[in-house]
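Given the coordinates of chain A, assemble chains B, C, D, E, F and G onto it according to the supplied hints.
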Amino acid sequence: MAKRLLPTFNRVLVEKILPPSKTTAGIFLPEKSSKLSSGKVVAVGPGLRDKAGNTIPVAVKEGDTVLLPEYGGTQVKLDDKEYHLYRDEDILGTLHD
Amino acid sequence: MAKRLLPTFNRVLVEKILPPSKTTAGIFLPEKSSKLSSGKVVAVGPGLRDKAGNTIPVAVKEGDTVLLPEYGGTQVKLDDKEYHLYRDEDILGTLHD
Amino acid sequence: MAKRLLPTFNRVLVEKILPPSKTTAGIFLPEKSSKLSSGKVVAVGPGLRDKAGNTIPVAVKEGDTVLLPEYGGTQVKLDDKEYHLYRDEDILGTLHD
Amino acid sequence: MAKRLLPTFNRVLVEKILPPSKTTAGIFLPEKSSKLSSGKVVAVGPGLRDKAGNTIPVAVKEGDTVLLPEYGGTQVKLDDKEYHLYRDEDILGTLHD
Amino acid sequence: MAKRLLPTFNRVLVEKILPPSKTTAGIFLPEKSSKLSSGKVVAVGPGLRDKAGNTIPVAVKEGDTVLLPEYGGTQVKLDDKEYHLYRDEDILGTLHD
Amino acid sequence: MAKRLLPTFNRVLVEKILPPSKTTAGIFLPEKSSKLSSGKVVAVGPGLRDKAGNTIPVAVKEGDTVLLPEYGGTQVKLDDKEYHLYRDEDILGTLHD
Amino acid sequence: MAKRLLPTFNRVLVEKILPPSKTTAGIFLPEKSSKLSSGKVVAVGPGLRDKAGNTIPVAVKEGDTVLLPEYGGTQVKLDDKEYHLYRDEDILGTLHD
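Chains as they are written, first to last, in UniProt numbering: chain A, 1 to 97; chain B, 1 to 97; chain C, 1 to 97; chain D, 1 to 97; chain E, 1 to 97; chain F, 1 to 97; chain G, 1 to 97.
Isolated chain A, as found in the complex (with noise of 0.2 angstroms):
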């Protein structure tokens, strides 16, 4: 089984993070409180090209923590480990503390 997948165009390979069912303090956490989720950047395309024959760089990169949309990214599995797969318009924003 490969080990490794290097996106085409302007896909991500995102490795999604479970939220934690309980918060730092201990209080259960009623079922995901928002519908997004959230992920690491694995591994990205080189871009998609413009109409002027420009490669237009990924929006976000390797390592990124990325908010992802509701719905949409495609399961990929890689060496028995789950892994989505989106187009980088679909990646909503990149997360920070």
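In short, the hints are calculated from the structure, not lab data.
For each residue, glycine too, the CB sits at the ideal point set by N, CA and C.
Each pair of labels, with its calculated beta carbon distance range:
1) E/L18 / C/I56: 46 to 52 angstroms
2) A/E15 / B/K77: 18 to 24 angstroms
3) G/K61 / B/K77: 41 to 47 angstroms
4) G/G47 / C/H96: 53 to 59 angstroms
5) C/K35 / E/P46: 33 to 39 angstroms
Below, chains B, C, D, E, F and G alone, put in the same frame as chain A:
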């Protein structure tokens, strides 16, 4: 939980302003007099690229008070506060006294 | 409540002109003779950008009397007055005596 | 009531020509022999802009007699006269003797 | 009644050629052997403009015999003769002996 | 009846190759083993124009053996022979021994 | 029967890799653990043209192992072997150990 979101492309993060249920003179406002709501811009993305590869700056900036469309907007929770994410082309305008 | 709205992109803020129910000679006008309405332009946006990145000025300007399409237009309340917001490409033309 | 309309973009204001119910020789014409109608161009807009930002002049000019499509056209009343507003790309051609 | 039509844009005015019901050898042709029909080009428009603002000449010229698509074409009566109006991109090709 | 068709734009005229019902070794082939069919290119159009106004040559040339899509293709009769007309972007590839 | 197919435009010919029904350790794999399949690139087209008329090379090359989308792909038989034809923008990425 992440505290800050840097939106991608031409996305705009807005904190909605809840309309006062009474006017300053104390008169009880019937249920929101207009279907549109307003909000404060908290963060904006770098902008979209046009066909010639130039980045088009976002139409509003951090700190603007903006008029929001009746529909759309993705709900986002950050540090237990609620925000909404819009594309800049859906924001109707900036509000001024 | 905000008093002024600066529209974004190619949006145009219009105050509708209510057609007189009687002609100047006093003859009672049957229900509005035409489905189209007209209005006064109150504010215009900076315009859209074309593919080459140039800003295209809005097709009408503040103070113009314009012919409005039968449908469309977003209702906007500012300082208890009612306005309507259109995209400039939906405005049919400017009216002149 | 406004007397003149300056159309926007590539819109064309046309006054329809009602086909004679009888031929010049007096023969009664059965209900309009063709579904298409014709009209006189009364006013034209400045034209649309192409992607490179140039304004494309409208395809017909004031005074032209034009062949109108079977459908479309927005009815407009000006000074109690009836006109129809078309986009220039919907006008089929100019008629000549 | 107008006698001539100058088509707009990339429109092409065609006079249909009715297929002979019998072959030259007199053999009765079953109902039109092919669904496609052909016709003579009577007039062509100036052409469409491309994004860079250049006018693209129409793909066929006056006098060409052309193969017409199975569907489409607007019926036009001029001087009691029947014609059909097509966009040049819908014309399949030019016919030659 | 016309004998030759010069296709317009990026259209390609193809004469279909009917697959042999038996293999060269005489074994009866069950109904066509693949849904795709192939054919010989008889004539090609001048090509389409791109946005910059350049003509893009057609992707295949006269004499090529091509793999045809499962659907599409307009049936054309010329001189009692049957051909099919495709757009070049629908032709899957060229076949070689 | 043709033995080789040169794809047109940005089409990619792929020979699917059938996942082993058992792991190397002999454990029987339940029906394919992921909906996605992979394959070996056998041939690629010359690429599409962008609006400026430049040819955009295909995103993958002959010999690559690629991750294929869940749907799509046209089945092609060549010399009794089965292949699938994709557009390069539908190929999710290249697989590496």
